[in-house]
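Trainee: Residue numbers (my numbering), protein chains in the order written: chain A, 1 to 361; chain B, 362 to 722; chain C, 723 to 1083.
Keep in mind the hints are simulated off the structure, nothing from the lab. Model, not experiment: these values are computed from the prediction. Incorrect hints may have been included.
Examples of chain C residues toward chain B, derived with CB under 8 Å [to be verified]:
| no. | residue |
| --- | --- |
| 1 | L742 |
| 2 | L744 |
| 3 | L813 |
| 4 | L867 |
| 5 | G926 |
| 6 | P929 |
| 7 | K945 |
| 8 | A946 |
| 9 | L955 |
| 10 | I956 |
| 11 | Q1009 |
Sample of chain C residues with no beta-carbon within 10 Å of chain A, all distances over it, derived [said to hold, decoys possible]:
| no. | residue |
| --- | --- |
| 12 | E811 |
| 13 | S838 |
| 14 | Y840 |
| 15 | L903 |
| 16 | G906 |
| 17 | M936 |
| 18 | V980 |
| 19 | H1004 |
| 20 | G1028 |
Here are the simulated BS3-like pairs of lysine-lysine, each with C-alpha atoms no more than 30 Å apart in a straight line [what the hints assert, rightly or not]:
| no. | chain 1 | residue 1 | chain 2 | residue 2 |
| --- | --- | --- | --- | --- |
| 21 | A | K253 | C | K1044 |
| 22 | A | K250 | B | K388 |
| 23 | A | K322 | B | K614 |
| 24 | A | K223 | C | K972 |
| 25 | A | K223 | C | K975 |
| 26 | B | K692 | C | K945 |
| 27 | A | K27 | A | K253 |
| 28 | A | K250 | C | K945 |
| 29 | C | K1044 | A | K250 |
We put the beta carbon where it would ideally sit given N, CA and C, even for glycine.
Each chain, letter by letter, is given below.
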Amino acid sequence: MAPLQTEKAGEPLSTGSRWLRLSPHLKTRRPSPRVLMIAITNPPYNLLDGNVLSELKRVLLALRPTATGAVILTSDVPEIFLSHYSVQEILDFSSLVPFPVSAGVVRGLLAWESWSAYFGFRGLTRRTPLAPLAHLNLYHEVTHLLRSIPQITIASLNGRAFGGGCELALACDFRVMIGSLAEGEEDNIAAISRGIGQPEIALGLIPGGGGTQMLTRLLGPAKALDLCLSGRLISAKEALQLGLLNQVVKDQKELNEVTIEMAKSMARRNPTAIQCIKDSIHVGGSQSLADGMRREQGNFGEACLGPEAGYAMSTYLKNIDKFLGTGEDAKPEEYYSPLVNGTFIDMTPGGAARQNKRKKT
Amino acid sequence: MAPLQTEKAGEPLSTGSRWLRLSPHLKTRRPSPRVLMIAITNPPYNLLDGNVLSELKRVLLALRPTATGAVILTSDVPEIFLSHYSVQEILDFSSLVPFPVSAGVVRGLLAWESWSAYFGFRGLTRRTPLAPLAHLNLYHEVTHLLRSIPQITIASLNGRAFGGGCELALACDFRVMIGSLAEGEEDNIAAISRGIGQPEIALGLIPGGGGTQMLTRLLGPAKALDLCLSGRLISAKEALQLGLLNQVVKDQKELNEVTIEMAKSMARRNPTAIQCIKDSIHVGGSQSLADGMRREQGNFGEACLGPEAGYAMSTYLKNIDKFLGTGEDAKPEEYYSPLVNGTFIDMTPGGAARQNKRKKT
Amino acid sequence: MAPLQTEKAGEPLSTGSRWLRLSPHLKTRRPSPRVLMIAITNPPYNLLDGNVLSELKRVLLALRPTATGAVILTSDVPEIFLSHYSVQEILDFSSLVPFPVSAGVVRGLLAWESWSAYFGFRGLTRRTPLAPLAHLNLYHEVTHLLRSIPQITIASLNGRAFGGGCELALACDFRVMIGSLAEGEEDNIAAISRGIGQPEIALGLIPGGGGTQMLTRLLGPAKALDLCLSGRLISAKEALQLGLLNQVVKDQKELNEVTIEMAKSMARRNPTAIQCIKDSIHVGGSQSLADGMRREQGNFGEACLGPEAGYAMSTYLKNIDKFLGTGEDAKPEEYYSPLVNGTFIDMTPGGAARQNKRKKT
């Protein structure tokens, strides 16, 4: 594949509102200037594999906050987000090594592959039978990017997200899924077959893209053990009740509306603040409390000393009585909405905030 | 301010049941001998700032378990617990440094300020433009104290607790808030304007007093990302459903009754056990599982070797059949209540338990 | 006690389906070939103590995945799972040391006892007044075994599980409890007296077998503080709503049916995958996110390179269209069930998967 240009303010990826095939398994479009939709297309079952991961990493690395404020990750195959990771690829790896290997040795090999990739040898590794090591590392790098880029990431789940698909969705900041909230939907096998879950154990495997980690941190160890040890698949309704999803919508049309609306409103946020919040929650929140607190405070300093916050704060202070007044004349409905839905102030690079700061300094 | 005396058994802070102005922004009263209420008063919007934090730290440091067993933190301004942290103070800091600074540099400066405060230079720092560094550290010290003192801490939320106010409430052991549980209350803008949330991102900022850390640990990363990235404010009802609040009450009168009753019942507990539980949960619970387990076991040893537990255990063993009997004559209602509501045995210093231990040894 | 033989494929512990007294406080039976039920019997109140823990450890160490795939932990005393840990034993320890001791010193003593046990001196220590140190370490070792053995562990809670009983249940992978889901059951004192909770603080103590750690990780710090600081006992219904239980059943008969059915279905799983999932969730999930991710990936490699996964994956690939088809002919009900309930493929040692692998290599 030809190298992908990184975005600049004037040249964002896929400038049109219609789908553009960016690479063999990815299409992109822009429903709104600062919102990039990425659709994975690997029919018939939309399996995740090393190639898809490699293309996804390329795109995520090319994004710049000057051009893109929110990313929507979806699929191009009806009723399927991602069926699961390619079992053939895992089987090839399993057949390669005829004897059991301990977890520590695998970790050592992964560390070695990370180093060799750093020196540019990943392309080579991927042509050898050791490719699955490169792909496991790629998986880790893609989910790490989703959790650390200064863009909001939204998983738009148009159908089944099992195994590796579930894990990719869990690495996004928000998850919206098509499903029904009707009575008895939890036991509806058709709903379950378009649902979510980590069925790896049915094949004697375990999640390998962060499923055990994200489920434990989202739901606690009891629910994580339940899902991973039983391997049971759950409907969108049950996933919403558990807290795996942010919202359930009824069909593809509503899914697009909801995710694009969410992305548009979030894409106006301060990219530094988005990145700092994601880092504080994912990295800081997984450390000891004292370390996490310090991490948050450092991030707070970074966000508050950036150019965007200064302008927003001074604008807010001029209107503080409107926002905080509690007397009879208080009309919170007029003031809360812009504050919270992001229309209060444009904090995108090149927007009012940054220009004002430039003037000031 | 004149230095505050530390409490002794005979001279607790604010001995009366009526409000006493302890310092420029704090009032205190004792609704019950071992319960101290602290009200923050900084009208009109009850903003949190460096001065309030400094006064809060003084009071928390002065508390002694011999005099105080539970602390209720509330506000003196109707319908407002704390609107948020003073934006003016953050803006002054932001204006001071005209170029972006990385999170690591801020963490380094905070560590330097902590050291200089240790050698007594905080008063000096607070008179320079670097005061916000001192205040960030002060914030961390106050929430750390709330999480580690041997007193039960209860946030009595008489109204809006946004941003810094939400973070201060989250550092307490229990949170009770005025609100309505009526249908549709989640979308009622008036309820939301008296609710709770972390709207920092609306001003291009992020929570800086532990919001991302406490939300992640309380609710998991998905809900924490939702609240911090959207900045949406939520009603007391939604906060209760999420698990941010322990109880919602209908008005100020009920708020006082509930929090004081809760505080009175908890104030009879063994202070060492309270401190050990808080440490095990906050510190141990944020470490790796093996480290956390060892931390709990060490704390268990400390609590069980203290003077209070010995007397309580021997009293319990004399009556064990009453508590554990399961036959037809069993009357659990008679025995469970005193065990659980704290009236079973007085474990306050100077109470029966400690006197008995003194006799024994 | 005579040393217990470790299990081999042909000689599992307690081969019969009727109860066998294995040691003074334990009975075992096999309701199904790969399912071992262990009942604790220490009437009248089924208190946990050093002897019970020592016997439990012996049995858990003797298990081999070739013979046992799932363990059900229950009690032999009607309406009582485990009342709590023996208060007499803690009191003896407390009386031994007439002065307060800091948590750090206790941790040091526990580390010393661990070392001396490693060199075979635990039997000696348990005959001295320092026995409680050995028992605290034993407690830690038993709960660690429950969280790390390659067998599924199910707590079959036939009644009250307070204090140490609650902690032992929380160390299992699944918890099923007898109780009622009727209206108002949360406040029913009879239901509460057969419920669950950590009432240690009522005696001036704190949980010592991992209660603060497991509750914090399962429910977050707010709920953990609520339960441990108030010491309140809760009914099975409330415990289910909180997420402490996986299921509530109405009586002993249903309890046996449900737990045995659950165990039978899980006992066919790949033991390596079970162990890897438990390790990823408990150990990995308590580390920082980056460390946890690496731990999971290492475990994934170990599971996928074992003999069971290879055969399962190749069988699955032959039928992938049946499982993943979404057209009008798709009949997910026929294919999802065997995949998820464990009948899809027998991955027990000696089963089809392993024999096939032996042939191949």
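Trainee: With reference to the structure, classify each hint as holding or not holding.
Mentor: Verification of the supplied hints:
no., hint, result
1, L742, "26 Å, violated"
2, L744, "25 Å, violated"
3, L813, "4 Å, holds"
4, L867, "13 Å, violated"
5, G926, "4 Å, holds"
6, P929, "7 Å, holds"
7, K945, "7 Å, holds"
8, A946, "5 Å, holds"
9, L955, "6 Å, holds"
10, I956, "10 Å, violated"
11, Q1009, "5 Å, holds"
12, E811, "29 Å, holds"
13, S838, "28 Å, holds"
14, Y840, "22 Å, holds"
15, L903, "16 Å, holds"
16, G906, "23 Å, holds"
17, M936, "8 Å, violated"
18, V980, "13 Å, holds"
19, H1004, "6 Å, violated"
20, G1028, "5 Å, violated"
21, A:K253 <-> C:K1044, "29 Å, holds"
22, A:K250 <-> B:K388, "53 Å, violated"
23, A:K322 <-> B:K614, "29 Å, holds"
24, A:K223 <-> C:K972, "22 Å, holds"
25, A:K223 <-> C:K975, "25 Å, holds"
26, B:K692 <-> C:K945, "28 Å, holds"
27, A:K27 <-> A:K253, "18 Å, holds"
28, A:K250 <-> C:K945, "34 Å, violated"
29, C:K1044 <-> A:K250, "26 Å, holds"
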